[in-house]
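S.K.: Just so you know, the protein sequences line up as chains A and G, in that order. The first sequence begins at 1149 in my numbering and counts up by one. The second sequence begins at 1149 in my numbering and counts up by one.
Worth double-checking, as some hints may not be accurate.
Since the list gives no way to pick out one identical chain from another, each pair is judged satisfied if it fits inside one copy or across any two copies.
Derived pair list, reagent style DSS-like, types lysine-lysine, alpha-carbon separation capped at 25 Å [unchecked claim]:
| no. | residue 1 | residue 2 |
| --- | --- | --- |
| 1 | Lys1401 | Lys1328 |
| 2 | Lys1151 | Lys1186 |
| 3 | Lys1186 | Lys1153 |
| 4 | Lys1313 | Lys1401 |
| 5 | Lys1186 | Lys1171 |
| 6 | Lys1401 | Lys1171 |
Hints in this document: simulated from the structure, not taken from any laboratory.
Number of protein chains: 2
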Amino acid sequence: MDKFKRNERLAAMTQVLTAAPNKIFTLSHFCEMFGAAKSTVSEDAAILAETMRQFRLGTVETVTGAAGGVRYRPMTQEGEGRRFMEGICDMMRAPSRVLPGGYLYFSDILSDPTLVEGMGRLFAAEYYDAGVDFVLTMETKGIPVALMTAEALHVPLTIARHSNKVYEGSAVNINYVSGKGVIETMSLSRRAVREGSTALIVDDFTRGGGTARGMQSMLSEFNIHCAGSCFVMAMENTNLPGSRALMLLGEVKDGEPTQVRVADWVK
Amino acid sequence: MDKFKRNERLAAMTQVLTAAPNKIFTLSHFCEMFGAAKSTVSEDAAILAETMRQFRLGTVETVTGAAGGVRYRPMTQEGEGRRFMEGICDMMRAPSRVLPGGYLYFSDILSDPTLVEGMGRLFAAEYYDAGVDFVLTMETKGIPVALMTAEALHVPLTIARHSNKVYEGSAVNINYVSGKGVIETMSLSRRAVREGSTALIVDDFTRGGGTARGMQSMLSEFNIHCAGSCFVMAMENTNLPGSRALMLLGEVKDGEPTQVRVADWVK
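With these hints in hand, go ahead and build the complete structure from the sequences.
M.R.: Here it is as structure tokens:
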């Protein structure tokens, strides 16, 4: 007789898998946890996969091969991402968000755990098979969404700074031209990155792609491949190869409703 | 006959509850999701609670009353938190982390999604019943762990800045004396906070509590109650009422192993 009922095994397996998205757990891990045979655990995983699909709660996949096992990938079902982002766009359109100078207030959205988790998962879903080793962001506002992207990909996050900090150790500094046409400095700790690895850039906003290009040239300094650049929001006319934004923003004028829409790639 | 098997309901319920820690879901929510009777769903919740307890995967609780329902609270079992933090302390003790000037490199730990999630959950567990409305941190290094604390408490995160930014809108600025004895500025957007609410301060490190005291006086400016202050690491001799740190640090000397230990309150 099995030590635990299928009910119990399925609930526990769900918690373990969903708590560490994209991480592959071996079947043996669950065999040990449940004191059950491989065939039983394998059947559990199949039932779980079907259940998650049915309720549209994400994907449970069995990966074959030497490094094989079971993994969970959040929210990849058609329609879900778009509905989620339409909700955020509705929030963005509130006239009270327009600040003097045509700026748009959305710091609250960028640091709401539920919202940044959802956005991070949408980014991650596009790069599951891109071999991303770490996520790179530039301080400050993009950190929450970059962290959640890193979590969904099960990789670490690295934060570039505006200036060299003593507690980051030896660092490489580069100058770059920001979207506002100002020369700025970017500093990245040598300890934080590894030559020959692959990075995904995640940031909150881009106007002309200046900061993202700065991050890209920083990555070249370290011989790091860039898998792509992801932004929560970009100006409609931004033209940055290999980049994607969740929301596209038209010119913001005082007192008018904000022209913001969900990007076409979001399904 | 029920539309879904208990297996399936339990797996789906686990995903929904653990994806939104500390959020209360009504039984009706699950009745609708599963097309099942309240008694069935209630029994499901009881089985799930027992399963999570058995596998030490967190707590599932039924909350009674008008705003009642079911909620999940992660990792509160005796021993787990201490084991987790001992692992991080071991990482911290690597001699290679000591930087010139006696600084300690731990930016990698502070932005590793798995590690900050665990640490955020340990903080959150101490304040589940403190009525926290939002988490406050000061840019930059504490943002990831503050975000994960906010996620575990199911509240938003607010980030104080070193200077007033145009895209944060109208802000209050205060001056404070940092741990290094330097006068610094802290800026908090008026839009980000609400009078009469309760905040929990979360930050990466404190030497003399200067920045935390700065955040506390900032909160007073807005008439906000401070439930406490949480730090990933503090100097052994830090004396800041209402504060707790996960790790305590002795004097760091070049070339010597780092004197770092898990704080006594971590169980």
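S.K.: Now tell me, hint by hint, if it's right for this structure.
M.R.: Outcome of the hint check:
no.	hint	verdict
1	Lys1401 / Lys1328	within (18 Å within a copy, 44 Å between copies)
2	Lys1151 / Lys1186	within (14 Å within a copy, 29 Å between copies)
3	Lys1186 / Lys1153	both (15 Å within a copy, 22 Å between copies)
4	Lys1313 / Lys1401	between (38 Å within a copy, 19 Å between copies)
5	Lys1186 / Lys1171	within (19 Å within a copy, 35 Å between copies)
6	Lys1401 / Lys1171	neither (45 Å within a copy, 38 Å between copies)
Checked against the numbered hints above, the structure breaks only hint 6 and satisfies the rest.
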